[in-house]
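Since the structure of chain A is provided, determine the placement of chain B on it from the hints.
2 protein chains.
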Amino acid sequence: MPVDLPPGLAVVLRFDRSGFIPAVAQDHASGEVLMLAWMNAESIAATLASGFATYWSRSRKALWRKGETSGHTQRLVEFRIDCDGDAILLRVEQTGPACHTGRRTCFFRAMHDGALTEID
Amino acid sequence: MPVDLPPGLAVVLRFDRSGFIPAVAQDHASGEVLMLAWMNAESIAATLASGFATYWSRSRKALWRKGETSGHTQRLVEFRIDCDGDAILLRVEQTGPACHTGRRTCFFRAMHDGALTEID
Chain A
580 MPVDLPPGLA
590 VVLRFDRSGF
600 IPAVAQDHAS
610 GEVLMLAWMN
620 AESIAATLAS
630 GFATYWSRSR
640 KALWRKGETS
650 GHTQRLVEFR
660 IDCDGDAILL
670 RVEQTGPACH
680 TGRRTCFFRA
690 MHDGALTEID
Chain B
580 MPVDLPPGLA
590 VVLRFDRSGF
600 IPAVAQDHAS
610 GEVLMLAWMN
620 AESIAATLAS
630 GFATYWSRSR
640 KALWRKGETS
650 GHTQRLVEFR
660 IDCDGDAILL
670 RVEQTGPACH
680 TGRRTCFFRA
690 MHDGALTEID
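Chains as they are written, first to last, in my numbering: chain A, 580 to 699; chain B, 580 to 699.
Next comes chain A alone, as it looks inside the complex (with noise of 0.2 Å):
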C-alpha cells in the first residue's frame, strides 16, 4: 500500500530489509526512556497523522496503536530520527505506565553489582 510521507522526511528514511525502523519512546518531560518498540511507513504516517505513537507489530502483524485497548496512549510532542536515518525517538506525553507489566517505563531491569535486578 504506497504510504503519504512528509517528502523531506520519506528521502532519508532507512528501513531495514522487512520495511522497519526500531524507535524509542521518551517521555518529554522526565526523559525516561519507557520503550523500544518497531515502526513501518505506515505506522509513522499513522503517527504524524493522528498526533499518537502508533507501532508495527511484528507478531500481529497490524498496526498497533499504543494504548488503543488500555488506554495507555502516547501523544506525539516531537517525531525525531537519527543521522543515518534509521532509528526514530518519540517524545511522548505518557498517559498511564508504558509497560504492559503496569511499571511506568519497560526498563525496569537493570544488572547491579553482577546480577539483574528490578529497579521499578
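In case anyone wonders, no lab produced these hints; they're calculated from the structure. Heads up, a few of these hints could be off.
Since the list gives no way to pick one copy over another, a pair counts as held whenever it fits inside one copy or between any two copies.
[Unchecked claim] Listed next, the in silico DMTMM-like pairs over lysine to aspartate or glutamate satisfying Cα-Cα at most 25 Å (straight line):
no. : residue 1 : residue 2
1   : K640      : D665
2   : K640      : E621
3   : K640      : D583
4   : K640      : D595
5   : K640      : E697
6   : K640      : D692
Same frame as chain A, but now just chain B:
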C-alpha cells in the same frame, strides 16, 4: 565463540535471528537520548567487563568500542533491559559528542510544522 554472560542476564536476553539486540544510549545525567546501535552477546560481555559501551558494527562485522578512535567514549553507568529482553538501555557518561557529525546526540533532526528540521 562462546561468550560469558551473567547467567541471570543470559536467560532473559532475546537476540534477533541475526544475533543482535538494539541498544539505546542515554546520557545518565541529562536524560538525553544519544544514539541507537546494536549489540550481540560478545559486545554485551565486553561492555560489562570493560565498563565502556561496546557495540557490534554490523557494517564492519566487528566489535566497536565507542570512541576507540575519536576518544568520545561512553562510560557505562547502568545496563538495563526491557520487559521482553529484546531491547537494551545503556545509561552512560558521554565524553564529547555522541554523533559522528560532531553533534551531542544523533537525534538532531525533528519534524516541526510538517518539515524535517535540524534542532541541534
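We went through each hint and held it up to the structure:
1. K640 x D665: both (20 Å within a copy, 18 Å between copies)
2. K640 x E621: Within one copy only: 12 Å inside a chain, 31 Å across chains, cut-off 25 Å.
3. K640 x D583: within (20 Å within a copy, 35 Å between copies)
4. K640 x D595: Both ways: K640 and D595 sit 16 Å apart in one copy and 17 Å across, limit 25 Å.
5. K640 x E697: Intra 31 Å, inter 33 Å, cutoff 25 Å: neither.
6. K640 x D692: Cα proximity of K640 and D692: none, with 39 Å in one copy and 30 Å across.
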